[in-house]
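J.: Here is how the chains run, residue by residue.
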Amino acid sequence: MDLERQKKAPLYRALQEFRRQRVVPFDVPGHKRGRGNKELVDFLGLQCVEIDVNSMKALDNLCHPVSVIKEAEELAADAFGAKHAFMMVGGTTSAVQSMVLTACKRGEKIIMPRNVHKSAINALILCGAIPVYIDPKVDTKLGIPLGMETADVKKAIEENPDAKAIMINNPSYYGICSDLKAIVDLAHKNNMLALVDEAHGTHLYFGEGLPLNAMAAGADMAAVSMHKSGGSLTQSSMLLIGEGINEGYVSNIVNLTQTTSASYLLLGSLDISRRNLALKGKQSFAKVCELADYAREEINEIEGFYAFGAELINKSSVYDFDVTKLVINTRGIGLTGIEVYDLLREEYDIQMEFGDLSNVLAYISIGDRLQEIERLAGALNDIARLYSKPTGDFFCAEYVTPIVKATPQEAFYAETEKLPIDQTIGRICAESVMCYPPGIPILAPGEMITKDILDYINLAKEKGCSMQGPESEDISELYVLK
Amino acid sequence: MAGNDMEFWFEEMHTNNVKMSIRVNQHLYSGTSEFQRIDVFDSPEFGKFLTSNGNVIFSEQEEFTYDEMIVHVPMAVHPDVKRVLVIGGGDGGVARELSYYKEIEVIDICEPDKMFVDVCRKFFPDNAIGLEDVRVRIYYEDGLRFLRKCKDKYDLIINDATDPTGHEAGLFTKEFYGNCYKALHDDGIMVYQHGSPFFDEDEENCRAMHRKAVKSFPVMKVYQANIPTCPSGYWLFGFASKKYHPIRDFDPKKWEDRKIKTWYYTTHLHSGAFMLPKYVEDMLIEEEKE
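Same order as they appear, the protein sequences are chains A and B. Quick note, the first sequence lines up with residues 1 to 482 if you use this note's numbering. Quick note, the second sequence lines up with residues 1 to 290 if you use this note's numbering.
Just chain B, with the same shape it has in the complex (with noise of 0.2 Å):
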């Protein structure tokens, strides 16, 4: 293992102006799919992380952030998920999560690059961990497509993918939010990645996402995070349900009593993360006004 005394790091741009830097102890694997180049860094601050097409997807010292609140947060405003479908979710992080919920009876995960998935299982064995849950069935498959033959399957669709640029581009357009919503049950809810609205060239994305989502569903929130490694770490989520509220039909005594243990969510910070700040409030309304 390099010392520290090596000037040996990872570099990521978040915009033409910013870079963010993750000093490496070591490469351990670097690999193209069909889809992407997979990488993986072993580091003394975020342990091992991977990226795709030079891009942090997450690291063993935060995903519990990402994944506590991609999945917590609409467990505990849906009465009764028995079956949820996670596009992407490849890692198994997300599938972890759910696992902590018993009347849970169906989890499907379709994620198109098997590679992604070969790699976190042998490199990130505590979110994979997850995909080895007896509830959990994996389908290669492109989301789109696997959306498109579901109608009125689910409670619960969680869309684990977060590059609206790159091989997952499909994940975050109005067909998309169109197919989850027929896939989804009359009081389906769906959580996805709104990006980070930060920085200027981010906003754009961040702006189309919600501009979208918003057309298709009648009950469309937003919901935020701290995650160090996203360009400015700073990251929302979006909750869009056919019917639940996510604060006035949220449940906390209910989601206390499962005594399933956090590190991020909380039943106080569940209500918290829809308090947005003016600047993205103000962004989201000039969107919904469109």
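If we strip away everything but chain A, and leave its shape as in the complex, we get (with noise of 0.2 Å):
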């Protein structure tokens, strides 16, 4: 990276410069900067909505950058290390759809783990691949899933040689990691590529002491999720491209179902956000890692909670772990993550991440300070005192090992019908069901319905499992393919 070029924000001054112009609109938006719409202005402020405006000469073009976001871009890519950065407004799904639409097409797989988003899967309804799934592993005790076994990798690589890329989490949204560059280097040698799903990821390219990054690893495409930890507006992303992948193709792919319109409000955040990243982001997650391992020291003190880190790593399912991620475990007090996740929103006014039935996530960012987190560890110590239930029994489910049958795509438009559950056996489901936790499907749509899996289904209800995806809530039935 070079930090004196990095200084450098040109999409920033590029709208500087052009809010000094005083340009007559005679072009879309139409609220003219603000001028017709003085509500908007009320709520959101001249200084944003003057510059909310459409692609013009001297702001060039998203869709086919060739001056300042051309130039924003190779400084994203420079800083990212990558052969080419694609500046993205449709969120990181659009990141990832980008990056399974260029590696594949109908009938073509792709493995994956089981945990993958919903972007890829919904990437695969567009395409037509194959979907080829790989046991993420699971912590029963956590209730978790951990990540890909590089010898599960090897396996589906040797029983699926004709796939043509790996998809792989960096890290999940719990901060664990697989050994990416193990697994990027078995992809390539079996002609395969490698894409990684960076949603929670930004600050592994700029800290230290975290993850490797997936370009440094050496894959070839990732979809970085600017807006979570690198401090872009909401939903601006990056997709990055490494030295195997052609820059026009991918931009054709990204333009097929990308805006024609993009927000410079996006695309302003995506390059001062870059240039902060590239000259302040050590400091910057030094400071964020200081403070989540602060949270977990003080949370790990109450009893009942416990704040997981690097002591999971077992240089398998879990290669690394990305210690930003404050997840806390919150079965010690009897009360689900769910629960206090509620607790905290309703009765002390904090918003947490999300919250599943073990364990609840805060995410520690650049934008956090000190008292913050004691506002967090207080809550926690007084939802101990006063909440606390005596602990039930925990059953996770395990791993349900899937049988595609129909592609995504093909169970996406089929014709289908509802039976109920015990009718179903041996038929394609065409729903998906997610059993929580720790949060993996057990079917998804195009699979085999088996007695095995019902009779999982069964055991997994009985012992407090959530179930949830099918329209049905109680399970009662299901829709399967015609």
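Accuracy of the hints is not assured; some may be wrong.
Stated by the list, open to error - Computed cross-link-like contacts, DSS-like style, restricted to lysine-lysine with a CA-CA straight-line distance of at most 25 Å: (1) LYS151(B) x LYS389(A); (2) LYS418(A) x LYS461(A); (3) LYS228(A) x LYS181(A); (4) LYS114(B) x LYS287(A).
Unchecked claim - Example chain B residues on the side facing chain A (calculated, C-beta under 7 Å, incomplete): (5) ARG145; (6) GLY170; (7) LYS174; (8) GLY178; (9) ASN179.
Hints are computed from structural coordinates only; laboratory data are not their basis. Yeah, the Cβ is synthetic: ideal placement off N, Cα and C, and Gly gets one too.
Take the two lone chains, each set in its own frame, and fit them into one complex as the hints suggest.
T.: And the structure:
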């Protein structure tokens, strides 16, 4: 990374320049610098509304960048160590989908962990590729999915030598990382692309002592959620490509679904954030790590909570751990993570990132201060004092190997019918059945329903797991393919 | 020193539409700590006064009101205070009032901002003298963090924090009240700044504080004082207690016998301070029903 060059922010500068020019707008958007929509200006402020403009010569065009956006993307590529970086305005969802659509076509196979993000499955519906799932392993005590073991990836490759790509989460929502380098190398040795979902991993490119990032591991593509740990506006994201990928082809794929009226608020925020990350990222994330470590220490002193960290690392299913993720297991106070999530919001005015049946997740970022950490620790302490219950049995579902009979695309467009669940054995499921914990699907559209699977659903339900996905909430019925 | 012919004023917005101005003789100090910007001014009307992020925290001419009311009210109710925790209070005014009570054994002060204490020591020696009492121990720590580690430890907790939106925001939360409850003995009392109820934009903070405190303590009463530099000059305090009632358990004779010299607090005023205007009473009752 060329630090001197990273001081530039060409798109941000062009927007500031544009603000000074007082150009008369006879183009869209129709609010014309806010003049036509006073409430909007009152709500967002003139500073914001007057740079909500359309593509024009001085501000370049995201669909086909030639000037300031092009330069901003080159700077981003340099900052992330990529061959090229695409600024994205349709969220990391669009970046993930662009990766999948670039890598495979209808009928081709893609290897992915079973706990892959919904956006990747939706991409399969769009392109018609066939998923080959890998057991992400589960920590049944904590009730969370872990990472793919390299041996399992190897086995999947041997069984599916015709697969075009492998998708890897780096890290997962819970901060868990697989052995990225080994998996990327395996993929390349077998002529497959390595696609990395780094929706929760922007900081891995800039902080020190954090897990390996996709570009450093030699991956072919990575979807990086700048708006999460990177500090840009919600919905802005970055798609990175490595040496082996054709930039022009990816650009065509991105433009298939991306808007032709990209928001300059989002693009400007990406340029500013990239500069901040490049120039100050090291210090910023050192502070984030310090805050998260402090929070873990303090929370672990409260009886009944367990904020887990690097001690989970086992060099296989947990190859590495992202210490900026503050996940707190709540089972020891007899409450579910969802209950603690609700208490924090309703009683303590604290909004957590999410809660599942056994954990709550606090997103610690460059915007956090020690005083907010103290509030969280204070509130958890108070919750333990006031709301603790006797701890009950805890059951976490295990991995159920799916039998893929139809592609997600075929299942999506197929004629379906609703049947009582005990009559669905041997049929192909049209819905997805998610089981919490650990939040991994037992069934996904296109998969064969077997007696073993139904027995397992019953067992998990009996043990208190929560099943989500099907239209019938008690899972008494399922939609199947006709 | 500037003469009165020079128009040199400190101004503080009390609402978007109301502003307080104090004529300034001299700007004595300005500094920024990790937590706040601190300024000290000298003025003809209020003497020296200290501001945090542009808000007056106290002045020489009126601090007695506040320091007396937050100390003597609970001290005249609780029959036997031995251990006191002051959260905030780095200026020493509260500690000074506490130091008049011989039965107190420990005065712990938890103040996150050392710079605040240093500035007060330098410019407000009449307050800071309270910090010199041998029973005082100062902890430069976050209040919530300090409390988290305390259980059944204090007879009285005084929350001296004033601003529910700044760096002390954590001291106006349910977790704060809950952690105070835990840190107090079974008959402990907590008193705190309850803000000013008059202007609309302060009202919600005032309501929220009451809502949270009522849920945390079995006895929860509000009392008032007149403090000129506060928004509308009118200020409330909260009296949250596990056992003692501020009027029924009030022992005026015992307090009078101590012969403590005051300028604001009297045993007559003690009971009167709990008699609130109707609009304040209505507001509090509404929140209690929540």
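J.: It remains to establish, for every hint, whether it holds in the given structure.
T.: Hints and how they fare:
no., hint, in the structure
1, LYS151(B) x LYS389(A), "holds, 20 Å"
2, LYS418(A) x LYS461(A), "holds, 20 Å"
3, LYS228(A) x LYS181(A), "holds, 24 Å"
4, LYS114(B) x LYS287(A), "holds, 22 Å"
5, ARG145, "holds, 5 Å"
6, GLY170, "holds, 5 Å"
7, LYS174, "holds, 5 Å"
8, GLY178, "holds, 3 Å"
9, ASN179, "holds, 6 Å"
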